[in-house]
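Q: Please put together the full structure from these sequences, using the hints given.
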Amino acid sequence: DAKTTQPNSMESNEEEPVHLPCNHSTISGTDYIHWYRQLPSQGPEYVIHGLTSNVNNRMASLAIAEDRKSSTLILHRATLRDAAVYYCILRDVGGSGAGSYQLTFGKGTKLSVIP
Amino acid sequence: ETGVTQTPRHLVMGMTNKKSLKCEQHLGHNAMYWYKQSAKKPLELMFVYNFKEQTENNSVPSRFSPECPNSSHLFLHLHTLQPEDSALYLCASSQDLLAGGLEQFFGPGTRLTVL
Chain E
1 DAKTTQPNSM
11 ESNEEEPVHL
21 PCNHSTISGT
31 DYIHWYRQLP
41 SQGPEYVIHG
51 LTSNVNNRMA
61 SLAIAEDRKS
71 STLILHRATL
81 RDAAVYYCIL
91 RDVGGSGAGS
101 YQLTFGKGTK
111 LSVIP
Chain C
1 ETGVTQTPRH
11 LVMGMTNKKS
21 LKCEQHLGHN
31 AMYWYKQSAK
41 KPLELMFVYN
51 FKEQTENNSV
61 PSRFSPECPN
71 SSHLFLHLHT
81 LQPEDSALYL
91 CASSQDLLAG
101 GLEQFFGPGT
111 RLTVL
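Sequences listed follow chains E and C, in order.
Under the numbering used here, the first residue of the first sequence carries the number 1, and numbering increases by one thereafter.
Under the numbering used here, the first residue of the second sequence carries the number 1, and numbering increases by one thereafter.
These are computed hints drawn from the structure, not numbers from a lab.
For glycine and all other residues, C-beta sits at the position ideal for the given N, C-alpha and C.
Watch out, some of these pointers could steer you wrong.
[As the list claims (entries may be wrong)] Restricting the straight-line Cα-Cα distance to at most 27 Å, the calculated cross-link-like pairs of lysine-lysine (DSS-like) are: (1) E:69 x C:41; (2) E:69 x E:110; (3) E:110 x C:41; (4) C:40 x E:107; (5) C:19 x C:41.
[Said to hold, decoys possible] Computed from the model, here is a short list of chain C residues facing chain E with C-beta under 8 Å: (6) 42; (7) 43; (8) 45; (9) 64; (10) 90; (11) 103; (12) 104; (13) 106; (14) 107; (15) 108; (16) 109.
[Said to hold, decoys possible] Reference listing, derived: stretches of chain E covered by chain C, where coverage requires no fewer than 3 residues with Cβ under 8 Å from a Cβ of chain C: (17) 31-42; (18) 45-51.
A: If you want it as structure tokens, here you go:
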């Protein structure tokens, strides 16, 4: 399975933008890029996903490099509630079986938001 | 209630006990999942149900027995567990399994401790 690499931790000041990077140099053509986050004592929460084009939703933006070997999750204004571990995940949704359902979480990036 | 709920939130059981974890989703989804999250391991998919039918058993020991009576409810029956089974058990749901169930909604999890 294609792997992702993320920094272990990042800090941001409240109300400032946050750019969370993810490297996935072995990504395949049918791999979607997903981002989930997990707040303390909670289950993971879907944030956003994309394939090739940049994506925006109410929570965040996803910027995907032209060669798809890296991506960046952008939180436009960090709040204290955004303090969580953010996971960048590749999923080959064109496949079948458990591999296409599995959310393979790595260590993620622990984001701290400073008031 | 909205979203995905799980009960109990915390469970302590002995190795000879029998207990059940319950998951309920109020999202009208057709696919449901059980995941295990240990402190030192990434999230592991255990079981997948689609329209009440089990579609995946990811090599889970028989001491874990899932049950899906309808599309809204999912149970995980536990018996003769081992201390190494102590973990956070997460339930998730998605609209269906098309394209690998791109967006999964997670419950808060049940923190299980096996003594």
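Q: Report holds or violated for the interface hint on residue 90 (chain C), using the least CB-CB distance to chain E and a cut-off of 8 Å.
A: holds, 5 Å
Q: Would you settle whether the hint for residue 106 (chain C) is holds or violated, based on the nearest Cβ-Cβ distance to chain E being less than 8 Å?
A: Result: holds, 3 Å to nearest chain E Cβ.
Q: Within 27 Å, alpha carbon to alpha carbon, are residue 69 (chain E) and residue 110 (chain E)?
A: holds, 22 Å
Q: Would you settle whether the hint for residue 109 (chain C) is holds or violated, based on the nearest Cβ-Cβ distance to chain E being less than 8 Å?
A: holds, 5 Å
Q: Just to be careful: measuring from the Cβ of residue 64 (chain C) to every Cβ in chain E, is the smallest value less than 8 Å?
A: violated, 15 Å
Q: Does the alpha-carbon distance linking residue 40 (chain C) and residue 107 (chain E) stay inside the 27 Å limit?
A: holds, 10 Å
Q: Taking 8 Å as the limit, does the beta-carbon of residue 108 (chain C) come near enough to a beta-carbon in chain E?
A: Residue 108 (chain C) check passes; min Cβ-Cβ to chain E is 5 Å, inside 8 Å.
Q: With a C-beta cutoff of 8 Å, work out whether three or more residues of the region 45-51 of chain E approach chain C closely enough for the coverage to hold.
A: holds (count 3)
Q: Decide if the proposed pair is consistent with the structure: residue 110 (chain E) and residue 41 (chain C), CA atoms, cutoff 27 Å inclusive.
A: Distance ~16 Å between residue 110 (chain E) and residue 41 (chain C) Cα, so the pair holds.
Q: Once the shortest beta carbon distance from residue 104 (chain C) to chain E is found, is it less than 8 Å?
A: holds, 6 Å
Q: Confirm or reject the coverage of the region 31-42 of chain E by chain C under the rule of 3 or more residues with a beta carbon closer than 8 Å to the chain's beta carbons.
A: Check passed, 4 qualifying residues.
Q: Hint check: is the beta carbon of residue 42 (chain C) less than 8 Å from a beta carbon of chain E?
A: Where the cut-off is 8 Å and the nearest Cβ of chain E is about 5 Å from residue 42 (chain C), the hint holds.
Against the hints set out earlier in the document, a violation occurs for number 9 only.
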